[in-house]
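For the protein sequence lines, the chains are D and G, in the order given.
Residue 314 in this note's numbering is what sits at position 314 of the first sequence, and the numbering runs on without skipping anything.
Position in the second sequence (first residue = 1) + 366 = this note's numbering.
Think of the hints as simulated: they come from the structure by calculation, not from any bench.
In this text the structure is predicted, and so the values were computed from the model without any measurement.
Accuracy of the hints is not assured; some may be wrong.
[Claimed, not checked] Cut-off 25 Å, straight-line C-alpha distance, at most; resulting in silico cross-link-like pairs (DSS-like, lysine-lysine):
#1 Lys211/D with Lys451/G
#2 Lys451/G with Lys98/D
#3 Lys155/D with Lys115/D
#4 Lys155/D with Lys451/G
#5 Lys265/D with Lys204/D
[Stated by the list, open to error] Here are some of the chain G residues that sit facing chain D, going by a computed Cβ distance under 10 Å:
#6 Ala390
#7 His394
#8 Pro441
#9 Ser453
#10 Gly529
#11 Glu597
#12 Gly634
[Unchecked claim] Reference listing, derived: stretches of chain D covered by chain G, where coverage requires no fewer than 3 residues with Cβ under 8 Å from a Cβ of chain G:
#13 190-199
#14 215-223
#15 346-353
Where a beta carbon is used, it is the ideal one built from N, C-alpha and C, also for glycine.
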Amino acid sequence: MRVAQRRLLRLLALLLALSFVAAACGNDNTPSASGDPTTTAADGGTSGVDYSALTGTINGSGSSFADGFYQQVISSMADQAPDLTVNYNPVGSGQGKKDFAAKLNDFAGTDSLVKPEEAPAGSYLYVPTAAAPITVSYNLDGVTELNLSATTLAKIFQGEITTWDDAAIKAENAGAKLPSTKIVIVHRADGSGTTSAFTKYLTKAAGADWKLGAGDTVNWPAGSQAGQKNTGVAQLIKDTKGAIGYVDFADAKATGLSFAKIKNKDGNFAEATLAGASAALAGATAADDLTLDALDAAGADTYPITAVTYILLRPTYDATVGANVKGFVTYVLTDGQSEAASVDYAKLPAALATKALAQLDKVTVG
Amino acid sequence: MTTATADVRSSGPGDALTARDRGALGDHLFRWLALTAGLTVLAILALIAFSTTQQAWPALSQAGIHFITSAQWIPNDVDGSGPLKPSFGALAYIFGTAVVAVISLVLAVPVSLGIALFVTEVAPRRVRGFVVTLLDLLAAIPSVVFGLWGLAVLAPNIVGFYGWLHRVFEPVPLLGTLFGPDANGRSFMTAGIILAIMVTPITTSIMREVLLTVPRTDRDGALALGATRWEMIRGVVLPHSFGGLTGGVMLGLGRAMGETIAVALTIGASAQITGNLFKPGNAMPAVIVDQFGEATGDFRSALIALGVVLFVITILINVTARAVVSRAERRLQGA
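Put together the whole structure using the sequences plus the hints.
Pasting the structure below:
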């Protein structure tokens, strides 16, 4: 009798499980057929897109600089597109582009432009998604405000200015009491898009005064110090008296560092803020392929060391992946933009966001 | 090491069992299995050497001899609008690797030999087991933990000690240069100290095994002739195990030169050649792990070339060590 009872229970359990599966399948079908108008209305008209119909998985990889932003967007999009899984792997811009060329990912995140040897022209489209200021952080007792021009920055990071009370720094900081502490240059030990953006800024803004060139890794002067990733550099600055280094905005804030105001193209000393970075995007002119150089851009409030990050898309996708990728990027450019500030990224100015959305129309799906 | 153990074995009773007819099939099978295993090692080594050299070729052929004679490591984007052209000269990193490895051996070898002698010759049986267990535990700690400890605890706290060393040894000719001014927490010295801690368990355990192979009769003979314990160790134990001890040191050296993450975290990542051990530098494995992520094209190839250089240096050192050992053993054992 006990055996019979057990069998009955098992049968019941099986039936129950089957009914759940059936219900789940049913749920999948119903919203796409009848739920369209309601969800669109619920979106508040920001994008006018129904994400709930998207199902499947898309994979992206690349820029670690933009990782914080994408992870935030992915988690908030999960509420609206429960059946869509977006994976983003912050392997670095260089690796992301390699993966993209080898078709190992569905989209790539990158802070640097694609070189001809990395992928043939026409095999990718740029979509700018966000920007962030790169701070020049320092550790100097009693100095809470510091103004620096590009030329002075270049001389400091080349090791030509070696003490904090150098005449060049004094000239830009009339009121400050600068100690005679030795300057310790702190930079990234690992190859980094942040290094690339910072050195490109110096190349552009300091001109002939900057002699080290630009790139993910440059030949820093002997005796300079290096840390791993932004957190490593931030920690090193925090621990070292007289240190100066470039750190992304989020980590500089999180570590509690003070950062310098940098002289922008209009001649004002601008503080590193998200508004300043957005102003830089507005001040830069986007090319036809939507690449733009926000470094040393025009505008009174522009923070000059601002890096833009892009998503790379293929011009053609098959139906499912294409719908998912387009859905995700649309979300990044609409609802995602309002999330940017919460994770210390600057959102795109409205005009640029519109252009970026229009770029999606060039992607053919099917 | 191998020579020493081989000597012991050849004096054993193995020769009596070489008859051909018993279990011929099993013998054959075993022979082939062992041969295959041996050849696999060779094949893997050859394949590694081949594929890395092949991938490193673009950078090596472009840089030529400059790769090991120049310290200009400028991996800039080729399209970078800066005034500098890419250039791959790894001398500063080769220098850093050598300096850090030497520091670690100078610190680790005496300590290891001391521990090994203590465990085999001096310590009572119970203490012996305890010390060996402790050493095995030390060997089991992942290198990244050593690196983080060096970064977060050792580097900030040891700067004061470096400064004191500099003040004390400043008038001494060679030491005054080595223990130079303006000490940094992350430096050749810090990386060397961390490596020494990591190398010690390996060298110690090998040295211990080697010291245990010294025949009881030899020791007893020395003691019976009226030698003190130290005289016995110096006259019998050390000469007998010289080859094996050197082998242990070589294994430690290999570990020290190849260690990556702990060095990357503590050495300071600055490309410079200086006699001041308290200055930041960089080492080959650390450069590879730091810069590989964003490297493309020739830059990537240059990083692989660093690996090839490291490989070649390791082989050269091993070959030299073997030659030194075999010559020294002949002299020391007088046989």
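Going through the hints against the structure:
For the hint pairing Lys211/D with Lys451/G, the CA-to-CA distance comes to about 11 Å; that is within 25 Å, so the pair holds. Between Lys451/G and Lys98/D the CA atoms are separated by roughly 23 Å; this keeps the pair inside 25 Å, and the hint holds. A threshold of 25 Å between alpha carbons decides the hint, and for Lys155/D with Lys115/D the separation of about 30 Å lies outside it, so the pair is violated. Only pairs whose Cα atoms come within 25 Å are accepted, and Lys155/D paired with Lys451/G is accepted, the gap being roughly 20 Å.
Using a Cα cut-off of 25 Å, the hinted pair Lys265/D and Lys204/D holds, with the two alpha carbons roughly 11 Å apart. Proximity of Ala390/G to chain D is violated relative to the hint, the smallest CB-CB distance being about 53 Å (cut-off 10 Å). For His394/G, the interface hint is violated, since its Cβ never comes within 10 Å of a Cβ in chain D; the closest pair sits about 47 Å apart. For Pro441/G, the interface hint holds, the least distance from its beta-carbon to any beta-carbon of chain D being 5 Å, beneath 10 Å.
Satisfaction of the interface hint for Ser453/G is found here, the shortest Cβ-Cβ separation to chain D being roughly 8 Å, below the 10 Å cut-off. Among the interface hints, the one on Gly529/G is violated; its C-beta lies about 14 Å from the nearest C-beta in chain D, farther than the 10 Å criterion. For Glu597/G, the shortest C-beta to C-beta distance to chain D is roughly 50 Å, which exceeds 10 Å, and the interface hint is violated. At its closest, the beta carbon of Gly634/G sits 6 Å from a beta carbon of chain D; the interface hint therefore holds under the 10 Å criterion.
Coverage of the stretch 190-199 of chain D by chain G holds in this model, with 6 residues showing a Cβ closer than 8 Å to a Cβ of that chain against a need of three. Counting residues of the stretch 215-223 of chain D whose beta-carbon sits less than 8 Å from any beta-carbon of chain G gives 8, enough to reach three: the coverage restraint holds. Counting residues of the stretch 346-353 of chain D whose CB falls under 8 Å from any CB of chain G gives 0; the rule of at least 3 is not met.
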